[in-house]
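One-letter residues, chain by chain:
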Amino acid sequence: MNRSNTYFATKIILLSSLFLTFNNVNAEVDEAKLNIYTVNYPIKYFAESIAGDNAKVTLPMPGDIDPAFWEPKAEDVIGLQQADMILLNGANYAKWLPKVSLPLFKLVNTSAEFRDSYISLSEAVTHNHGSGGKHSHTGTAFTTWLDFSLAEKQAKSVFKALSRKQPKLNASFVENFIPLQKALLELDTELTEIGGALNGEALLGSHPVYQYLRAKYKLNLESVHWEPEEAPTEEQWNVLTKLLEKHPAKWMLWEGVPANETVLKLEALGVKSIVFSPTSNSPETGDFMTIMHENIANLKAILEKK
Amino acid sequence: MMDSFYLAWRYIVFNRIKTITLVLCISLVSFLPFALKILLNESEHQLMSRAITTPLLVGAKGNSLDLVMNSLYFSKEKPDFISMKAIEKVMDSYLAVPIPLYTRFHAREYPIVGTTLDYFEFRKHKVAEGRSFAMLGESLIGADVAARLNLKVGGSILSSPENLFDLAGVYPLKMKVVGILQKTNSVDDKAVFVDLKTTWVIQGLGHGHQDVKKIADESDVLSRSDKLVTTSTKIKQYTEINVDNLGSFHFHGDPSIYPLTAIIAVPNDKKSATILSGRYLSEQKNQQIVRPKKVIEDLLGNIFQIKEFIDAVVLIVAIAMVLAIFLVFSLSFRLRQKEISTILHLGCSRSTVVQLIGAEILIIAVFSGMLCFSSLLVLQYFQGEIVHQLFIS
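First to last, the protein sequences are chains A and B. If you count by the working numbering, then the first sequence holds residues 1093 to 1398, one letter each, in order. If you count by the working numbering, then the second sequence holds residues 11 to 403, one letter each, in order.
Incorrect hints may appear among the rest.
Claimed, not checked - Quick list of in silico lysine-lysine cross-link-like pairs, BS3-like style, CA-CA up to 30 Å:
| id | chain 1 | residue 1 | chain 2 | residue 2 |
| --- | --- | --- | --- | --- |
| 1 | B | Lys317 | B | Lys86 |
| 2 | A | Lys1187 | B | Lys95 |
| 3 | B | Lys95 | A | Lys1308 |
| 4 | A | Lys1165 | B | Lys95 |
| 5 | A | Lys1248 | B | Lys281 |
| 6 | A | Lys1257 | B | Lys99 |
| 7 | A | Lys1308 | A | Lys1187 |
| 8 | B | Lys134 | A | Lys1148 |
| 9 | A | Lys1260 | B | Lys280 |
| 10 | A | Lys1248 | B | Lys99 |
| 11 | A | Lys1252 | B | Lys280 |
| 12 | B | Lys281 | A | Lys1252 |
| 13 | A | Lys1252 | B | Lys134 |
| 14 | A | Lys1260 | B | Lys281 |
| 15 | B | Lys280 | A | Lys1248 |
| 16 | B | Lys134 | A | Lys1125 |
| 17 | A | Lys1257 | B | Lys280 |
| 18 | B | Lys99 | A | Lys1187 |
| 19 | A | Lys1187 | B | Lys186 |
| 20 | A | Lys1248 | A | Lys1274 |
| 21 | B | Lys184 | A | Lys1165 |
| 22 | B | Lys184 | A | Lys1187 |
| 23 | A | Lys1148 | B | Lys136 |
| 24 | B | Lys86 | B | Lys304 |
Said to hold, decoys possible - Some, not all, of what chain B presents toward chain A, calculated at C-beta under 10 Å:
| id | residue |
| --- | --- |
| 25 | Glu98 |
| 26 | Asp128 |
| 27 | Ala144 |
| 28 | Leu146 |
As the list claims (entries may be wrong) - Some chain B residues well away from chain A (every beta-carbon gap over 12 Å; in silico):
| id | residue |
| --- | --- |
| 29 | Tyr21 |
| 30 | Val23 |
| 31 | Arg118 |
| 32 | Glu119 |
| 33 | Asn160 |
| 34 | Lys295 |
| 35 | Lys303 |
| 36 | Ile335 |
| 37 | Val364 |
| 38 | Tyr391 |
Hints were generated in silico from the structure; no laboratory data involved. We put the beta carbon where it would ideally sit given N, CA and C, even for glycine.
Next comes chain A alone, as it looks inside the complex (with noise of 0.2 Å):
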């Protein structure tokens, strides 16, 4: 073997050692991560938000469902077992959670603090059978981050468990944190401020997601049951417009972007469509902030055309 080879060889057997232990570094930092599992889009974000690069936030669904409908398979829960911390939306969020076995050591309930404020819906289907008697299906209403004054405590929440998880790197939490309270504190005086300028105008909304929107704002908001994608069956048809003559509504929200055609025939009895997304599920652009931004925009229009 001449020098060249010699000094070739060498450089190769350095570079490979110092990829080596490049590699060994990252695989170091990858296992001292945190491995969050969340139930939904909003608390991966403060998630995401609060830990930065110190963990690694998995939100378990498809991108395409609700994820409080999600229906997990036994390898789904056995990845879950695996997490550091789930991070729940508490008030009966994910109504998957009662039929799988989670470590309850593991479970962080983001809305704890606040569950006597959890806002009780009306029974649904009612049945009996057997011995049990009537039985009344009655839930709780979940989309809870919807009042901005909640999320920022739901974000406490998180950044509290994270705190407690990893104390050494609780400065790191506190400076993430800071902003984003700020940000929801913001969104909250926003909105606060819409729902004043508002005052009492009818809305409609095209799915019962809005009750903490409505209690917080003081909206004079009443829900249909439709799906933005799927276009309303005829007795959807008469539910609205019975509904149209006891709250006259001039404007519908609607989760996503609703079918055309729905939309003008919306528009042919005179509500007009707004998109005020509650992003349970991972947005496909944007963020959280973004996307809530565009939700008040969307408010603002009511507004301008009032």
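Place chain B on chain A using the hints.
Just chain B, lined up with the frame of chain A:
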């Protein structure tokens, strides 16, 4: 010398009833104190080993021994129930990690333990085959349950009705076996572990049934409106939870008042344990927090007091027995006066007579010792099971 043993043996074989009675009496008197010691040592070991590793137990106010025995050893004595709110209280304190237990039901003779996955991490149990439970209706069984019922991963086990005459009670639940625990040499080997929520399904707080909106046979529907569907008792309820019907399972009522038998509270440190205990002393009227080690020490204290009493009784019986044996031998020698004088007339010395009697006593003593020793070996083999049945179940 060998002649003496031969003659003694022939005498013993000839008087076999008397010999057997003597051997049994001596064996029994020797066996009793040793057996008692073995059983008490084993019970102390079994009781203390789990009590030491279980820092705190929260349960309904009442008999703390029932609470500890049921929570640690799944005994049949059940304490009063507490609600899930008790879990929230421990969680919200951030002083301890709560591990819920609900040990009300059985599958055959084996207790069904409703808990969370935290239990296995706390007890450092590992899964030998399969995996831990992940979905409602799945079970993870102890090594002895698997061996005795010949159950494998993929098999199933049925919950037993609480009362044979409870004809209107809930249906037994067929639980899928998804894993078998490694042998732990504890009561966990003889338990069927399920998620806490599965025990609530067994109780009937949760259930799955055909969609009431899609009932084809209108005779099953008593009344129907937008918000209320009233069905007859003919509606099909599922007795097994599987992938196809899991979605239909739901719970009724407020989950925060669902029952538990106890909570294992694992405190962060000694200070947290003291603060948490103090809170229960000052605030909780319906619940108690106990240190299992203290409860078991008190129990063992009582058992050892009883042992001292039994030791005294055994000593008196032993003295009486020795006197009785002495009497038997002396009466026997009196009855054998003619035989002894014949031996002397045949030219044997008195020492030969003493050797003969000594050989008889030695043979009886050896047989008694062997019987006692073998009985103790058998006892030692079954000591775990016996202690479990006598002191724990």
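Consistency of the hints with the structure:
1. B:Lys317 to B:Lys86: 24 Å, holds
2. A:Lys1187 to B:Lys95: 20 Å, holds
3. B:Lys95 to A:Lys1308: 28 Å, holds
4. A:Lys1165 to B:Lys95: Roughly 29 Å between the alpha carbons, so the hint for Lys1165 (chain A) and Lys95 (chain B) holds.
5. A:Lys1248 to B:Lys281: Since the Cα atoms of Lys1248 (chain A) and Lys281 (chain B) sit roughly 27 Å apart, the hinted pair holds (cutoff 30 Å).
6. A:Lys1257 to B:Lys99: It holds: about 20 Å lies between the C-alpha atoms, which stays within 30 Å.
7. A:Lys1308 to A:Lys1187: Distance of about 24 Å is within 30 Å: holds.
8. B:Lys134 to A:Lys1148: Between Lys134 (chain B) and Lys1148 (chain A) the Cα gap is close to 27 Å, so the pair holds against 30 Å.
9. A:Lys1260 to B:Lys280: Answer holds: Lys1260 (chain A) to Lys280 (chain B) is near 22 Å, not above 30 Å.
10. A:Lys1248 to B:Lys99: The given pair, whose Cα atoms are some 20 Å apart, holds under the 30 Å limit.
11. A:Lys1252 to B:Lys280: 23 Å, holds
12. B:Lys281 to A:Lys1252: 21 Å, holds
13. A:Lys1252 to B:Lys134: Satisfied, since the Cα-Cα distance of roughly 28 Å is no more than 30 Å.
14. A:Lys1260 to B:Lys281: With Cα atoms ~22 Å apart, Lys1260 (chain A) and Lys281 (chain B) stay inside 30 Å; holds.
15. B:Lys280 to A:Lys1248: Holds, because 28 Å separates the two Cα atoms, which is no more than 30 Å.
16. B:Lys134 to A:Lys1125: The hint holds at about 24 Å.
17. A:Lys1257 to B:Lys280: 20 Å, holds
18. B:Lys99 to A:Lys1187: With a Cα-Cα distance of about 23 Å, the restraint between Lys99 (chain B) and Lys1187 (chain A) holds, given a limit of 30 Å.
19. A:Lys1187 to B:Lys186: Roughly 22 Å between the alpha carbons, so the hint for Lys1187 (chain A) and Lys186 (chain B) holds.
20. A:Lys1248 to A:Lys1274: 11 Å, holds
21. B:Lys184 to A:Lys1165: 19 Å, holds
22. B:Lys184 to A:Lys1187: Judged against 30 Å, a Cα distance of about 23 Å means the pair holds.
23. A:Lys1148 to B:Lys136: 27 Å, holds
24. B:Lys86 to B:Lys304: 21 Å, holds
25. Glu98: Glu98 (chain B) check passes; min Cβ-Cβ to chain A is 8 Å, inside 10 Å.
26. Asp128: 5 Å, holds
27. Ala144: Because about 4 Å separates Ala144 (chain B) from the closest Cβ in chain A, which is inside the 10 Å limit, the hint holds.
28. Leu146: 5 Å, holds
29. Tyr21: Non-interface label on Tyr21 (chain B) holds, nearest chain A Cβ at 72 Å vs cutoff 12 Å.
30. Val23: Check passes; 67 Å lies beyond 12 Å.
31. Arg118: 23 Å, holds
32. Glu119: 25 Å, holds
33. Asn160: Correct as stated: the minimum Cβ-Cβ distance to chain A is 24 Å, above 12 Å.
34. Lys295: Lys295 (chain B) is indeed farther than 12 Å from all Cβ atoms of chain A, at 22 Å.
35. Lys303: 22 Å, holds
36. Ile335: 63 Å, holds
37. Val364: Check passes; 76 Å lies beyond 12 Å.
38. Tyr391: Nearest chain A Cβ is 37 Å from Tyr391 (chain B), so the label holds.
Hint compliance for this structure: every hint is met.
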